[in-house]
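A.B. asks: Could you put the whole structure together from the sequences, leaning on the hints where they help?
Just so you know, the protein sequences line up as chains V and Z, in that order.
Numbering-wise, the first sequence is residues 5 to 94 according to our numbering.
Numbering-wise, the second sequence is residues 3 to 456 according to our numbering.
Since the hints were derived computationally from the structure, they do not count as laboratory data.
Since we're looking at a predicted model, the values are computed, not measured.
Ideal Cβ placement from N, Cα and C applies to all residues, glycine included.
It is possible that some hints are incorrect.
[To be verified] To give a feel for the contact side, a few chain V residues facing chain Z, derived at Cβ under 7 angstroms:
#1 His31
#2 Met50
#3 Ile87
[As the list claims (entries may be wrong)] Derived pair list, reagent style DSS-like, types lysine-lysine, alpha-carbon separation capped at 30 angstroms:
#4 Lys263(Z) with Lys81(V)
#5 Lys158(Z) with Lys444(Z)
#6 Lys125(Z) with Lys158(Z)
#7 Lys263(Z) with Lys319(Z)
#8 Lys263(Z) with Lys57(V)
#9 Lys400(Z) with Lys158(Z)
#10 Lys67(Z) with Lys76(V)
#11 Lys358(Z) with Lys320(Z)
#12 Lys125(Z) with Lys400(Z)
#13 Lys358(Z) with Lys319(Z)
#14 Lys249(Z) with Lys81(V)
#15 Lys248(Z) with Lys81(V)
#16 Lys67(Z) with Lys57(V)
#17 Lys67(Z) with Lys15(V)
#18 Lys412(Z) with Lys81(V)
#19 Lys320(Z) with Lys263(Z)
#20 Lys76(V) with Lys57(V)
#21 Lys109(Z) with Lys181(Z)
#22 Lys67(Z) with Lys319(Z)
#23 Lys125(Z) with Lys67(Z)
#24 Lys400(Z) with Lys248(Z)
#25 Lys412(Z) with Lys181(Z)
#26 Lys125(Z) with Lys413(Z)
#27 Lys50(Z) with Lys263(Z)
Listed here are the chains, written in short residue letters.
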Amino acid sequence: MNRVIITVVGKDTVGIIAGICTYLASHGINILDISQTILQGIFNMMMIVDVSKADISFDELSDGLDAVGEEKGVNIKCQREEIFTSMHRV
Amino acid sequence: MINIYEVHETNQMIEQENLDVRTITMGISLLDCADGDLSVLCDNIYNKITAKARDLVSCGNEIEKDYGVPIVNKRISVTPISLIAGGACRSVEDYVEVAKTLDRAAKEVGVNYIGGFSAIVSKGMTEAEEFLIRSLPYALPATERVCSSVNVGSTKTGINMDAVRLCGEIIKEIAANTKDGEFPHCAKLVVFCNAPDDNPFMAGAFHGVSEPDAVINVGVSGPGVVKAALQGCRGESFEVLCETIKKTAFKITRVGQLVAKEASERLGVPFGIIDLSLAPTPAIGDSVSDILEAMGLESTGAPGTTAALALLNDQVKKGGIMASSYVGGLSGAFIPVSEDQGMINAVERGSLSLEKLEAMTCVCSVGLDMIAVPGDTAAATLSGIIADEAAIGMINQKTTAVRIIPAVGKKVGDTVEFGGLFGYAPVMPVNGYSCEEFISRKGRIPAPIHSFKN
Numbered sequence: 005m006n007r008v009i010i011t012v013v014g015k016d017t018v019g020i021i022a023g024i025c026t027y028l029a030s031h032g033i034n035i036l037d038i039s040q041t042i043l044q045g046i047f048n049m050m051m052i053v054d055v056s057k058a059d060i061s062f063d064e065l066s067d068g069l070d071a072v073g074e075e076k077g078v079n080i081k082c083q084r085e086e087i088f089t090s091m092h093r094v
Numbered sequence: 003m004i005n006i007y008e009v010h011e012t013n014q015m016i017e018q019e020n021l022d023v024r025t026i027t028m029g030i031s032l033l034d035c036a037d038g039d040l041s042v043l044c045d046n047i048y049n050k051i052t053a054k055a056r057d058l059v060s061c062g063n064e065i066e067k068d069y070g071v072p073i074v075n076k077r078i079s080v081t082p083i084s085l086i087a088g089g090a091c092r093s094v095e096d097y098v099e100v101a102k103t104l105d106r107a108a109k110e111v112g113v114n115y116i117g118g119f120s121a122i123v124s125k126g127m128t129e130a131e132e133f134l135i136r137s138l139p140y141a142l143p144a145t146e147r148v149c150s151s152v153n154v155g156s157t158k159t160g161i162n163m164d165a166v167r168l169c170g171e172i173i174k175e176i177a178a179n180t181k182d183g184e185f186p187h188c189a190k191l192v193v194f195c196n197a198p199d200d201n202p203f204m205a206g207a208f209h210g211v212s213e214p215d216a217v218i219n220v221g222v223s224g225p226g227v228v229k230a231a232l233q234g235c236r237g238e239s240f241e242v243l244c245e246t247i248k249k250t251a252f253k254i255t256r257v258g259q260l261v262a263k264e265a266s267e268r269l270g271v272p273f274g275i276i277d278l279s280l281a282p283t284p285a286i287g288d289s290v291s292d293i294l295e296a297m298g299l300e301s302t303g304a305p306g307t308t309a310a311l312a313l314l315n316d317q318v319k320k321g322g323i324m325a326s327s328y329v330g331g332l333s334g335a336f337i338p339v340s341e342d343q344g345m346i347n348a349v350e351r352g353s354l355s356l357e358k359l360e361a362m363t364c365v366c367s368v369g370l371d372m373i374a375v376p377g378d379t380a381a382a383t384l385s386g387i388i389a390d391e392a393a394i395g396m397i398n399q400k401t402t403a404v405r406i407i408p409a410v411g412k413k414v415g416d417t418v419e420f421g422g423l424f425g426y427a428p429v430m431p432v433n434g435y436s437c438e439e440f441i442s443r444k445g446r447i448p449a450p451i452h453s454f455k456n
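C.D. replies: Encoded structure:
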């Protein structure tokens with residue numbers, strides 16, 4: 005499995021998750037986990053997705069999510085999972 | 003599975019606390035480039051570097067995008083040039099040609115610095131090594147990206163005082179050949195004692211002869227992350243302080259290890275070492291001095307500074323060592339003055355002197371780094387400062403170094419501008435008493451005894 009973490013930070017509005025999910029589904033990317041919380045007064049959402057069957061490259065995914073984020077007025081970032089597992093798991 | 007708080011913590015380190023990977027440095031052996039003809043030698047060097055490091059910068063950029071962590075510099079270190087150029091270079095001008103070749107190769111592959119225009123003269127100097135050192139006042143101003151180092155001593159060999167004397171004179175000449183408003187070329191020369199073979203940090207990086215044909219070394223950073231963590235433990239015991247530094251250093255180093263492993267796999271070049279260093283930048287909050295002050299010092303340089311730095315340096319190593327399979331290079335906390343806004347502030351408010359910095363170098367990773375002194379400082383005095391640092395390294399079996407910038411036409415209280423991200427350095431006062439007679443003695447200081455440690 006090839007996992008990517010997508011984080012969304014910004015002001016909560018209607019349809020952020022819908023917009024991202026639609027984009028991911030259209031490229032064969034499966035969502036494994038979603039969680040959200042308010043951290044320091046700001047909406048934070050995290051998705052763990054599986055990109056092993058994706059029809060686009062990591063680069064294209066990253067740029068595509070940037071565009072979705074711009075449309076919704078939030079900051080969307082995607083990173084390969086290993087940076088988090090390296091740092092937080094021994 | 004990773005949770006949202008862990009993701010948030012990592013991204014906060016990156017976005018707000020200046021966590022980055024400071025450098026991916028590819029070490030390249032040039033031993034097979036040696037030739038008796040200067041133009042063949044230069045062609046060999048250029049071809050080898052551009053072939054090996056062709057994808058270094060693009061690979062670094064890809065990794066940066068994949069993991070969302072900035073990789074600030076992509077650099078190259080090469081075999082000390084004096085080891086391979088002796089057959090072809092018969093004059094100072096010949097060495098300048100080799101430096102220009104390195105500069106061209108660095109520009110072609112897009113790295114911002116290339117280190118290894120170096121001479122290892124800890125016991126004695128060959129003719130080639132002396133030519134190389136004497137070429138520095140011309141080679142450094144004639145190039146943009148070439149970095150140089152001279153190793154003048156070691157615990158095993160003692161200190162080559164002839165080389166120390168020569169380096170003082172050469173540093174003066176480099177300063178004199180630096181035009182007004184130009185980047186100070188002295189910042190591209192480091193004079194070492196016990197120089198490591200695998201240091202990825204500039205300006206002192208070179209690819210030692212004990213290294214393979216090519217290797218990937220990674221320098222991590224993150225003073226801002228340590229500082230942010232320490233702000234949460236004001237008033238706590240030393241145990242809590244140390245635990246906090248260790249945990250933070252572990253996390254920072256794991257990122258470096260991941261990046262090093264990826265770079266090594268993608269480039270098909272073996273992984274060498276991680277250099278566990280807290281390398282500051284002039285960015286606000288990215289400062290080693292700020293960490294010392296967060297520990298409870300009113301201003302860096304106050305009594306207690308050396309102890310605080312010793313603690314910091316040791317805990318960074320203890321935390322980092324488990325996070326990486328191979329640790330090397332300089333590993334520790336860097337205390338450059340001009341690259342650390344907190345250090346600059348401490349100098350300007352009069353709490354940090356050259357003498358206190360020297361004491362701090364006994365317990366930190368390197369030495370007197372990026373220090374500006376008045377332009378009329380005598381060459382013998384510069385040599386005296388170098389000899390003092392080398393002695394600390396020799397006796398304490400550690401790496402020490404001097405990167406000092408005589409600011410021509412400037413006096414104490416003036417500043418030297420480096421431009422852009424390099425910040426500036428306040429010109430610091432130097433003890434005015436002479437060491438001329440001591441420095442003008444010929445020969446070397448013998449290797450120290452390894453027993454009777456007191």
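A.B. asks: Next, verify each hint and record whether it holds.
C.D. replies: Results of checking the hints against the structure:
no. : hint                     : verdict
1   : His31                    : violated (17 angstroms)
2   : Met50                    : holds (4 angstroms)
3   : Ile87                    : holds (4 angstroms)
4   : Lys263(Z) with Lys81(V)  : holds (23 angstroms)
5   : Lys158(Z) with Lys444(Z) : holds (20 angstroms)
6   : Lys125(Z) with Lys158(Z) : holds (9 angstroms)
7   : Lys263(Z) with Lys319(Z) : holds (20 angstroms)
8   : Lys263(Z) with Lys57(V)  : holds (25 angstroms)
9   : Lys400(Z) with Lys158(Z) : holds (11 angstroms)
10  : Lys67(Z) with Lys76(V)   : holds (22 angstroms)
11  : Lys358(Z) with Lys320(Z) : holds (25 angstroms)
12  : Lys125(Z) with Lys400(Z) : holds (17 angstroms)
13  : Lys358(Z) with Lys319(Z) : holds (23 angstroms)
14  : Lys249(Z) with Lys81(V)  : holds (26 angstroms)
15  : Lys248(Z) with Lys81(V)  : holds (29 angstroms)
16  : Lys67(Z) with Lys57(V)   : holds (20 angstroms)
17  : Lys67(Z) with Lys15(V)   : holds (24 angstroms)
18  : Lys412(Z) with Lys81(V)  : violated (48 angstroms)
19  : Lys320(Z) with Lys263(Z) : holds (21 angstroms)
20  : Lys76(V) with Lys57(V)   : holds (26 angstroms)
21  : Lys109(Z) with Lys181(Z) : holds (22 angstroms)
22  : Lys67(Z) with Lys319(Z)  : holds (28 angstroms)
23  : Lys125(Z) with Lys67(Z)  : violated (46 angstroms)
24  : Lys400(Z) with Lys248(Z) : holds (21 angstroms)
25  : Lys412(Z) with Lys181(Z) : holds (13 angstroms)
26  : Lys125(Z) with Lys413(Z) : violated (35 angstroms)
27  : Lys50(Z) with Lys263(Z)  : holds (23 angstroms)
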